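Undergrad: One letter stands for each residue in the lines below.
2 protein chains.
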Amino acid sequence: MELLATCYLFEGLSESQMQHLTGITKETSIQKDQWLFHEGQEAKQFFLIKKGTVELLTKVNDELELPIAMLRDPGSCFGTSSLTAPYVYSLSARCAEQGSLLVVEAMELKELMQEDRDLGYILMTNWAAHLLNRLKETRQELKIHFRTLFKSMTS
Amino acid sequence: MELLATCYLFEGLSESQMQHLTGITKETSIQKDQWLFHEGQEAKQFFLIKKGTVELLTKVNDELELPIAMLRDPGSCFGTSSLTAPYVYSLSARCAEQGSLLVVEAMELKELMQEDRDLGYILMTNWAAHLLNRLKETRQELKIHFRTLFKSMTS
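Chains as they are written, first to last, in the numbering used here: chain A, 2 to 156; chain B, 2 to 156.
Do not take every clue at face value.
No copy is singled out in the list; a pair is fine if it fits within one copy or between any two copies.
[Unchecked claim] Calculated lysine-lysine pairs in the PhoX-like style (CA-CA distance at most 20 Å, straight line):
id	residue 1	residue 2
1	111	137
2	137	45
3	60	152
4	27	45
5	33	51
6	51	27
7	111	51
8	27	152
9	27	137
10	33	111
If you are wondering where the hints come from, they were derived from the structure by calculation, not from laboratory data.
These numbers were taken from a predicted model, which means no experiment stands behind them.
Model the full structure from these sequences, guided by the hints.
TA: Next up, the structure:
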């Protein structure tokens, strides 16, 4: 439960809500270079780092992978596309250093949120805030490319 | 209320929830070239198009604006950064063709969501799905730039 409490998604939940969440998580070990999921696959689970390192990446083409994030802090979560329609992973995840994960079945979490709308509201508010932040960061990266392009066109 | 019902944010709400929402909207007219807000400003309101056209854009540098979207369909909404912490507009909005908007005070909507967690859950779920979609689109744009860069490096 302490590990769950460090994840931004669950910030603001009550102790009894956290206990319900603990009830739907299980633990699994991961090996170096193991793929946890690939982008485009149906997203049924999300994960929290307990120990080890997981790399998130996206394929630019057959020869090039674009690294998005390297997660090693306990409580870091990924596979969160499983929380939201259309329930398709938008990135790939590969274990970079062996360890263990907490796994949450998204369908069970969905049922929990349907039953407890307060939990659902808090979780979805946290998730939206995180997504908005990621969107802003990604737009910033895009702007850097435009600036470079603009410079090369005007110099 | 019919206009509100066409906005993706309010999909799935009951008729009485929609009536509560209608109670916190007001109408305002907009003139061509009028700025509705600038990126970086505190986000206190969000807007729905009733009539006219609004352009969303972001500044790349002093000389270059990057157009993000042109909204003209009734029910299209913008200024949605006002729904989520840190409550700062991430884009600028300028009227491209005169018309009228529905305005929602974000604080009043927040109070409504606090009181009615079911409404809050549904609205935040819709908002997160939209953000995830925008994030994927923005990542796709970024990939196109990387592909171009990669081609120029390897050719």
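Undergrad: Compare the structure with each hint and give your call.
TA: Results of checking the hints against the structure:
1. Taking the closest pair of Cα atoms, residue 111 and residue 137 never come within 20 Å of each other, the shortest separation being 27 Å inside a single copy and 22 Å across copies.
2. For the identical chains of this complex, residue 137 and residue 45 are inter-copy neighbours only, at 18 Å across copies versus 26 Å inside a copy, given an alpha-carbon limit of 20 Å.
3. Taking identical chains as interchangeable, the C-alpha atoms of residue 60 and residue 152 lie at most 20 Å apart only when they sit on different chains, with a minimum of 15 Å there against 27 Å within one chain.
4. In this homomeric assembly, residue 27 and residue 45 come within 20 Å of each other (Cα to Cα) only inside a single copy, at 14 Å, whereas the closest approach across copies is 41 Å.
5. When the C-alpha separation of residue 33 and residue 51 is checked against a cutoff of 20 Å, the pair qualifies only within one copy, where the shortest distance is 15 Å, while the shortest distance between copies is 54 Å.
6. Taking identical chains as interchangeable, the C-alpha atoms of residue 51 and residue 27 lie at most 20 Å apart only when both belong to the same chain, with a minimum of 11 Å there against 49 Å between chains.
7. Proximity of residue 111 to residue 51 under the C-alpha cut-off of 20 Å is found in neither arrangement, the shortest distances being 22 Å within a copy and 34 Å between copies.
8. In this assembly of identical chains, residue 27 and residue 152 lie within 20 Å of each other by CA distance neither inside one copy nor across copies; the values are 51 Å within and 44 Å between.
9. Taking the closest pair of Cα atoms, residue 27 and residue 137 never come within 20 Å of each other, the shortest separation being 33 Å inside a single copy and 29 Å across copies.
10. In this homomeric assembly, residue 33 and residue 111 never come within 20 Å of each other (Cα to Cα): the closest approach is 30 Å inside a single copy and 44 Å across copies.
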